[in-house]
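Colleague: Chains V and Z, in that order, give the protein sequences.
Residue 205, in the working numbering, is where the first sequence stops; the numbers in between run on with no holes.
Residue 445, in the working numbering, is where the second sequence stops; the numbers in between run on with no holes.
Check the hints yourself; a few may be wrong.
Unchecked claim - Straight-line Cα separation of at most 25 Å, SDA-like style, residue types lysine to any residue; simulated pairs:
#, chain 1, residue 1, chain 2, residue 2
1, V, K183, V, T65
2, Z, K315, V, G62
3, Z, K315, V, R193
4, V, K9, Z, H391
5, Z, K315, V, W137
6, Z, K314, V, T109
7, V, K9, Z, K315
Unchecked claim - Quick list of simulated restraints, FRET-style, between CB atoms:
#, chain 1, residue 1, chain 2, residue 2, range
8, V, V2, Z, S317, 27 to 33 Å
9, Z, R422, V, G186, 51 to 57 Å
10, V, T65, Z, H391, 25 to 31 Å
As the list claims (entries may be wrong) - Partial list, derived from the structure: chain V residues whose beta carbon lies under 10 Å from chain Z:
#, residue
11, T15
12, D69
13, M71
14, N84
15, M107
16, T173
17, T200
In case anyone wonders, no lab produced these hints; they're calculated from the structure.
Where is the CB? At the ideal position from N, CA and C, for every residue including glycine.
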Amino acid sequence: MVQPLSYLKESPSQTAGPYVHIGCTPNFAEIEGVYPQDLGHEMITGDVQGQRIRITGRVIDGTGTPLRDAMIEIWQPDAAGLFNSPAETRGTADPNFTGWGRCASDMTTGEFAFETVKPGAVPFVDGRMQAPHVTLWIVARGINLGLHTRMYFPDEADANADDPILSRIEHQTRVKTLMGEDKGDGHIHFDIRLQGHNETVFFDI
Amino acid sequence: MTNGYVNRDRRWHPPSITPDYKTSVARGPRHAPLSFPTTLAEETGPVFGHDMLGRLDNDLILNFAKDGGMAIGPRIIVHGQVRDEFGRGVPGALIEVWQANAGGRYRHKKESYLAPLDPNFGGCGRCISDAQGFYEFRTILPGPYPWPNTMNDWRPAHIHFSIFGAGFAQRLITQMYFEGDPLIWHCPIVDTIPTREGIESLVAALDMARTVPMDARAYKFDITLRGRRQTMFENRMEGL
Ligand SMILES: [Fe+3]
Chain V
1 MVQPLSYLKE
11 SPSQTAGPYV
21 HIGCTPNFAE
31 IEGVYPQDLG
41 HEMITGDVQG
51 QRIRITGRVI
61 DGTGTPLRDA
71 MIEIWQPDAA
81 GLFNSPAETR
91 GTADPNFTGW
101 GRCASDMTTG
111 EFAFETVKPG
121 AVPFVDGRMQ
131 APHVTLWIVA
141 RGINLGLHTR
151 MYFPDEADAN
161 ADDPILSRIE
171 HQTRVKTLMG
181 EDKGDGHIHF
191 DIRLQGHNET
201 VFFDI
Chain Z
206 MTNGYVNRDR
216 RWHPPSITPD
226 YKTSVARGPR
236 HAPLSFPTTL
246 AEETGPVFGH
256 DMLGRLDNDL
266 ILNFAKDGGM
276 AIGPRIIVHG
286 QVRDEFGRGV
296 PGALIEVWQA
306 NAGGRYRHKK
316 ESYLAPLDPN
326 FGGCGRCISD
336 AQGFYEFRTI
346 LPGPYPWPNT
356 MNDWRPAHIH
366 FSIFGAGFAQ
376 RLITQMYFEG
386 DPLIWHCPIV
396 DTIPTREGIE
406 SLVAALDMAR
416 TVPMDARAYK
426 FDITLRGRRQ
436 TMFENRMEGL
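Build out the structure end to end from the sequences listed, making use of the hints.
Modeller: Below, the structure is given as structure tokens:
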């Protein structure tokens, strides 16, 4: 016998279900007067530095149908590559940028939207630079464990080619599932496909 | 430099596709996820300060009630500790909850169960864990409800929890169940969890010690988030 490793186990995930909006975006769910505003509604809180962008997208199931009951959160550094977090030790992030956004997909169209800035580059664990990207987390009815993924930028071809994560994707044909689509005027569209031929690469991170 | 978060044990969590929970079949990804060590994006996260909370945010009995009214149902206090896999309390964790009313009905325009709405119950609440990771809120016992899956599936009484720890890697949504509810063992969503031990870790115990006499019963629900590795030795992966 050996000494037991008496660590705890993470609480198991359960689906967010169809009514995640009641808890996380109650004003969107028309439960008004409890919180003044839904959390994550605004990422830009003042005179922000960097290039302003708008990210839109949908979460699409295996039948090609956009989810109309999903919740999407994004987390990213500011334009200089710094996170607005106490765990950020490399400097102080732009105080007018939270870096965190939360959006329910539209109950009719399934579209989500974030007003944000283009993130700066951040190093990987081995010190190599990663291409600029936004981290996303998706929950919904039928999703048993929240899904982590990333959106990269189509105008960063050189950085994307050297990105340590993108280069680790076994089937390089799937890299395109992590690329935003430039719609012009700072608008980038990013559809997330849960299944099918173009299933988005999700991360075990 | 950090040593990152402990890898998620994906065999402990529900798999992506669980056919008895039918909705997962078209929504669960089928490819294996890409594994890599947590990066700065997962090791950082936004801060939620206590100053953002309203006075009644953690009181679902009163936070939607009108004109001195109260939500109808058995009054309960739910409390516990948010800790990580190493047993360290997680301070400053944002806990957001949502639930059906005492009759099993949600306040949502897509909800179609025939049980009535309670005009004094909204169904959402939130709190932030204290310096040792402890949290507490007050609510009413939610009712079980039927849902379309097979022709006769009922959710056990439950409260949905969204937990935001210090790092984005710790992001978690789960559900709390109640000790002694026979429906726990008939639920296809509960059953997505692979082990009985895992299921039991989501069942809150009746906690008579924290009951408020003549007022509210108490249930204790501890939540475990992913642990952050700590070592005096640097462990940096090269050339991955
Ligand atoms: Fe529910």
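Colleague: Hints first: check each against the structure and report whether it holds.
Modeller: Hint by hint, here is what the structure shows:
no.	hint	in the structure
1	V:K183 with V:T65	22 Å, holds
2	Z:K315 with V:G62	22 Å, holds
3	Z:K315 with V:R193	24 Å, holds
4	V:K9 with Z:H391	24 Å, holds
5	Z:K315 with V:W137	24 Å, holds
6	Z:K314 with V:T109	16 Å, holds
7	V:K9 with Z:K315	35 Å, violated
8	V:V2 with Z:S317: 27 to 33 Å	55 Å, violated
9	Z:R422 with V:G186: 51 to 57 Å	54 Å, holds
10	V:T65 with Z:H391: 25 to 31 Å	29 Å, holds
11	T15	6 Å, holds
12	D69	7 Å, holds
13	M71	9 Å, holds
14	N84	7 Å, holds
15	M107	8 Å, holds
16	T173	12 Å, violated
17	T200	8 Å, holds
In this structure, the hints that do not hold are numbers 7, 8 and 16, in rising order.
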